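Q: Start counting the sequence shown at 60; every next residue gets the next number (this note's numbering).
Hints are computed from structural coordinates only; laboratory data are not their basis.
Keep in mind the model is a prediction, meaning the values are calculated, not measured.
One should not assume that every hint holds.
Unchecked claim - In silico EDC-like links for lysine to aspartate or glutamate, alpha-carbon gap of 16 Å or less:
id, residue 1, residue 2
1, K64, E200
2, K156, D67
3, K64, E155
4, K85, E155
5, K85, E71
6, K85, E114
7, K231, E71
8, K64, D201
9, K229, E71
10, K111, E232
11, K231, E114
12, K230, E117
13, K224, E117
14, K231, D67
15, K62, E200
16, K230, E71
17, K231, E117
18, K229, E117
19, K230, E114
20, K229, D67
21, K156, E71
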Amino acid sequence: MGKLKQIDNMAEQKGSVLVTIWQFVKFIVVSLLAMIVQFVLLNTLNLIPAIKALETQEFNWLFFTYPVAVGGLGYFIVSNVANIVAQIVAFFVNKEKTFNSGANVAVALPIYIVFTIGLIVFSAWLNPTLKDVFVGWNLNEDLAKNIATMICSAVQFFLYFPVDKILFHKKKEEK
């Protein structure tokens, strides 16, 4: 039996409060993994020439405003692709490792996707807004982009844990 499974079993013996605290600790680690994936993509995808070229094209649609000063259509694509990939990684790792869940993926994944789309839409609005504010404070473009992404990631972190706890409540059956 692996160390993680041993700690899971010890927490279960101590009660549901300790199980939730232990799940939160594991959720933090998984969220850091997802954040690393997101930051790597955020800072490398814009090196692709086709995406770099889109940074000079303003993007305005509904309530999304990505002027050229913020990074235009290129930044919209990069920030959202990075966010989506990070959430896909987080879904599967949290289901399997954080919550040891036997929840039906066919049921849980669509609910997770709808919730994720809502959060990504919110982040797609908030991220360039914050980046623009930080650039206005004379911060470096890359630093402003990364700080805005950190803030959006933190908001998502605190919203995902209770949703995941509900979605992944069904325990895996022991083999």
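Q: If a hint holds in the structure, say so; if it does not, say that too.
A: Hints and how they fare:
1. For a cut-off of 16 Å, the pair hint linking K64 to E200 is broken: about 43 Å separates their Cα positions.
2. This hinted pair checks out: K156 and D67 have alpha carbons roughly 10 Å apart, not beyond 16 Å.
3. Restraint check: the Cα-Cα separation between K64 and E155 comes to about 11 Å, which is no more than 16 Å; the hinted pair holds.
4. The hinted pair formed by K85 and E155 meets the criterion: a straight-line CA distance of about 11 Å does not exceed 16 Å.
5. For the given pair, K85 sits about 14 Å from E71 by alpha-carbon distance, which is consistent with the 16 Å threshold.
6. As the CA atoms of K85 and E114 are separated by approximately 37 Å, the hinted pair breaks the 16 Å bound.
7. Between the alpha carbons of K231 and E71 the distance comes to roughly 14 Å, so the proposed pair stays at or under 16 Å and holds.
8. At most 16 Å may separate the alpha-carbon atoms for a hinted pair to count; K64 and D201 exceed this at roughly 40 Å.
9. Taken as a hint, the K229 and E71 pair is honoured in the structure, with Cα atoms around 14 Å apart against an allowance of 16 Å.
10. For the proposed pair K111 and E232, the alpha carbon gap of about 48 Å is over 16 Å, so the pair is violated.
11. For the hint linking K231 to E114, the alpha-carbon distance of about 46 Å lies beyond 16 Å, and the restraint is violated.
12. Restraint check for K230 and E117: the C-alpha separation of about 47 Å exceeds 16 Å, so the hint is violated.
13. The suggested pairing of K224 with E117 is violated, with an alpha-carbon distance near 39 Å, which exceeds 16 Å.
14. About 12 Å separates the Cα atoms of K231 and D67, which keeps this hinted pair within 16 Å; it holds.
15. Only pairs whose Cα atoms come within 16 Å are accepted, and K62 paired with E200 is rejected, the gap being roughly 43 Å.
16. Distance hint between K230 and E71 is fulfilled; the C-alpha atoms sit about 12 Å from each other, no more than 16 Å.
17. Using a Cα cut-off of 16 Å, the hinted pair K231 and E117 is violated, with the two alpha carbons roughly 48 Å apart.
18. The hinted pair formed by K229 and E117 fails the criterion: a straight-line CA distance of about 45 Å is larger than 16 Å.
19. For the hint linking K230 to E114, the alpha-carbon distance of about 45 Å lies beyond 16 Å, and the restraint is violated.
20. A distance of roughly 15 Å separates the Cα atoms of K229 and D67; the hinted pair therefore holds under the 16 Å criterion.
21. Of the pairs offered as hints, the one joining K156 and E71 holds, with about 15 Å between alpha carbons and a cut-off of 16 Å not exceeded.
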